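Those letters in the sequence shown? Residues 506 to 915, by this note's numbering.
No lab work stands behind these hints, which were simulated from the structure alone.
There could be a bad hint or two in this list.
Unchecked claim - With a Cα cut of at most 27 angstroms, we get these calculated DSS-like pairs of lysine-lysine:
| no. | residue 1 | residue 2 |
| --- | --- | --- |
| 1 | Lys886 | Lys836 |
| 2 | Lys705 | Lys655 |
| 3 | Lys761 | Lys576 |
| 4 | Lys595 | Lys576 |
| 5 | Lys836 | Lys905 |
| 6 | Lys576 | Lys566 |
Predicted model only: the values in this text are computed from it and were never measured.
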Amino acid sequence: MRLDLNELMAIYPEQIWIDISPESREKAWQQTQNQSYSNAASRWNAYLNCLCLNAFTRWIKEEPDLQETLKVWPNDASLPSFWDVVNGTKLTLGETGLVLIPSDKSAFLEFRIPQEWVDIPSWAGHYYLAANLNLEAGWMRVWGYATHEKIKQEGRCGNLDRTYVLDPEDLIADINVMWVARELFPAKKLAVEPLPTLSKEQTEKILEQLSQQIDYSPRLDLSFEQWASIVGNDSSRQQLYQLRLAKQNIAPSLPKATNLSLWFQNIFEAGWQSVDTILGTRRQTLAFGFRTDAALNDVSVKGLKLIDLGMDLKGNAVMLLVGLTPEVDEKINIRVQLYPASGETYLPPNLKLGLLSQSGVTLQEVESRSQDNYIQLKRFKSPAAGGFSIQVALGDVSIKEDFVLSSEVS
């Protein structure tokens, strides 16, 4: 049984619950679309952070007892240079530093804080808030907070992903305790070890190195001290951001990967439509019954989506159906089917439908026979931060569609 927002607020009244409307999601998406990012994962990370920031800012404005103005640190214009490589946003309320760390994981098992927000002197905050975004249900939950001192003393920091980890029970759930603490104990300078100073030559060499790979965050490609010295400096962080964008612009033009994660929010990129939309507007022209297909009965309604490729394979137009179902293990169950379009009853014979890995290796392939009204791949799973390609081929003509399931930047 799924509880609505009011019921959840009644069960956990000490925590912050904020409604996230479809309009709020669309606003955050448009904001990040108007910004530049080096890859799809970074843009998704920016979207989550923007959505979290907007929601928290709106909530703060409704708090009557807070006199200070909440400000983005260092400023709004700098946010893309942070979000392109790391998860989190720092805010200031008077002399107090607050760090928002959002996550869209379905289960809150631990609070994960990137090391940058704790061990870079200028980035560090006094309080760290764990924000969980449930995009499907349309709400944000602030599970609680931890102080910088608590994270340093009790957080587990792994060298593998450079993330401080706290268990949920380590957090203080009642945010009112934080407001009282601010009044009783004015913010003081945090005890954070200074970073080494890099020479101009070292900085230029590192920036050149880090700008070579733009399809992931390079935060683990250097020692923490070197990386922190780069991103902890406003000038070199902005340089890195601009270099990564420049590398993206001069890279070979590749087809844009479709972000399937957006489908769960009813956001579709150009050319994509939901099955319900298709059935509502073009039902008479489709030669297949999505609603009666037993193979699709267990597919999530929000995850089942359709794309009209509109492609001309020797005069044969086909339609690709991708169904998505979230699993409890943070993976996405995926069903891929291919149907005839334009009123045709059968697919052309010898039409191939293939599943490819991100490196281009064929993982599955099926081929149509003379009277197949659809073909399908075996159901498969993809991690919540993975990617794959679907290829449709007839003779020597083929078309490949790339897909990505984006999650937060680690």
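Hints versus structure:
no.: 1; hint: Lys886 / Lys836; in the structure: 6 angstroms, holds
no.: 2; hint: Lys705 / Lys655; in the structure: 36 angstroms, violated
no.: 3; hint: Lys761 / Lys576; in the structure: 35 angstroms, violated
no.: 4; hint: Lys595 / Lys576; in the structure: 9 angstroms, holds
no.: 5; hint: Lys836 / Lys905; in the structure: 23 angstroms, holds
no.: 6; hint: Lys576 / Lys566; in the structure: 12 angstroms, holds
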